[in-house]
Amino acid sequence: MATDDDSFLWDEDSILSRDLFSAPSVQLCYENLNRSCVRNPYSPGPRLILYAVFGFGAVLAVCGNLLVMMSILHFRQLHSPANFLVASLACADFLVGLTVMPFSTVRSVESCWYFGDSYCKLHSCFDVSFCYSSIFHLCFISVDRYIAVSDPLLYPTRFTASVSGKCIAFSWLLSIIYSFSLLYTGANEAGLEDLVSALTCVGGCQVAVNQSWVFINFLLFFIPTLVMITVYSKIFLIAKQQAEKIERMSDQTAKASESYKGC
Numbered sequence: 001m002a003t004d005d006d007s008f009l010w011d012e013d014s015i016l017s018r019d020l021f022s023a024p025s026v027q028l029c030y031e032n033l034n035r036s037c038v039r040n041p042y043s044p045g046p047r048l049i050l051y052a053v054f055g056f057g058a059v060l061a062v063c064g065n066l067l068v069m070m071s072i073l074h075f076r077q078l079h080s081p082a083n084f085l086v087a088s089l090a091c092a093d094f095l096v097g098l099t100v101m102p103f104s105t106v107r108s109v110e111s112c113w114y115f116g117d118s119y120c121k122l123h124s125c126f127d128v129s130f131c132y133s134s135i136f137h138l139c140f141i142s143v144d145r146y147i148a149v150s151d152p153l154l155y156p157t158r159f160t161a162s163v164s165g166k167c168i169a170f171s172w173l174l175s176i177i178y179s180f181s182l183l184y185t186g187a188n189e190a191g192l193e194d195l196v197s198a199l200t201c202v203g204g205c206q207v208a209v210n211q212s213w214v215f216i217n218f219l220l221f222f223i224p225t226l227v228m229i230t231v232y233s234k235i236f237l238i239a240k241q242q243a244e245k246i247e248r249m250s251d252q253t254a255k256a257s258e259s260y261k262g263c
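For reference, each letter of the sequence shown is one residue, going 1 to 263 in UniProt numbering.
In case anyone wonders, no lab produced these hints; they're calculated from the structure.
Be aware that a few hints might be false.
Once the Cα atoms are required to be at most 30 Å apart in a straight line, the calculated DSSO-like pairs of lysine-lysine come out as [as the list claims (entries may be wrong)]:
1. 245 <-> 255
2. 121 <-> 166
3. 234 <-> 245
4. 234 <-> 166
5. 240 <-> 255
Beta-carbon label-pair distances, calculated as ranges [unchecked claim]:
6. 246 <-> 157: 17 to 27 Å
7. 51 <-> 208: 20 to 30 Å
8. 151 <-> 208: 41 to 51 Å
Note that beta-carbon positions come from the ideal geometry of N, C-alpha and C, so glycine has one too.
Turn these sequences into a full structure, and let the hints guide you.
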């Protein structure tokens, strides 16, 4: 004969069993593989919203930068050394939107990589090289603007099409050589072999970077950023000084005009 305590224990076990079986099961990227990565358990609503937002960003990057490139290449009046830099920058951002963002969207939403190990490494190289190329382009554009503002008379002779071409070549070659040599030689994972082996799973696409290369990456990002901040600060000061000079000249002209009328 069951006692009240036995009934209570049975009811408690029943509740725990229901809670256990009603809990959401772990979703895997590849259900039939033992070493599959875990998939993000998003419901259809949030997953659709994330895809829509990230997809819109990718489409905007592709279409917007394609429009910039076509405009500069089509209209002859836009063919200038500075605009060639802008067109090259738009090309780098266009390639980010075309070859990086769509695949990164799937990886971010699903936390899974469905495009193969070969393209995983190539995708990472594209990501690094195009992003660094954009940073270098922005740095050179800031220097171009500084020369144009600080020395406008000599600007056409100092920043020529040849100089612009060298800046473009430097931005592309350095970023591509750096990213491909770093990731395809495995130098970024030196000393992290045990960590990489422990974290490796089927359907994953993560890039491990040791401390030395983290520091180098930081410098490659920080130095151009520091140059841009310094240069644009100087441009702001020059523009402010010129505005003050124009205001003083306007006041002097107004006073001279009033004096002339008084005579």
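Status of the hints after comparison with the structure:
At roughly 15 Å between alpha-carbon atoms, residue 245 and residue 255 fall within 30 Å of each other, so this suggested pair holds. The suggested pairing of residue 121 with residue 166 holds, with an alpha-carbon distance near 29 Å, which does not exceed 30 Å. For the hint linking residue 234 to residue 245, the alpha-carbon distance of about 17 Å falls within 30 Å, and the restraint holds. A threshold of 30 Å between alpha carbons decides the hint, and for residue 234 with residue 166 the separation of about 24 Å falls inside it, so the pair holds.
About 23 Å separates the Cα atoms of residue 240 and residue 255, which keeps this hinted pair within 30 Å; it holds. Between residue 246 and residue 157 the beta carbons are some 26 Å apart, a value that agrees with the proposed interval 17 to 27 Å. Our hint of 20 to 30 Å for residue 51 and residue 208 holds, since their Cβ atoms are close to 27 Å apart. Between residue 151 and residue 208 the beta carbon distance is about 46 Å. The supplied range of 41 to 51 Å therefore holds.
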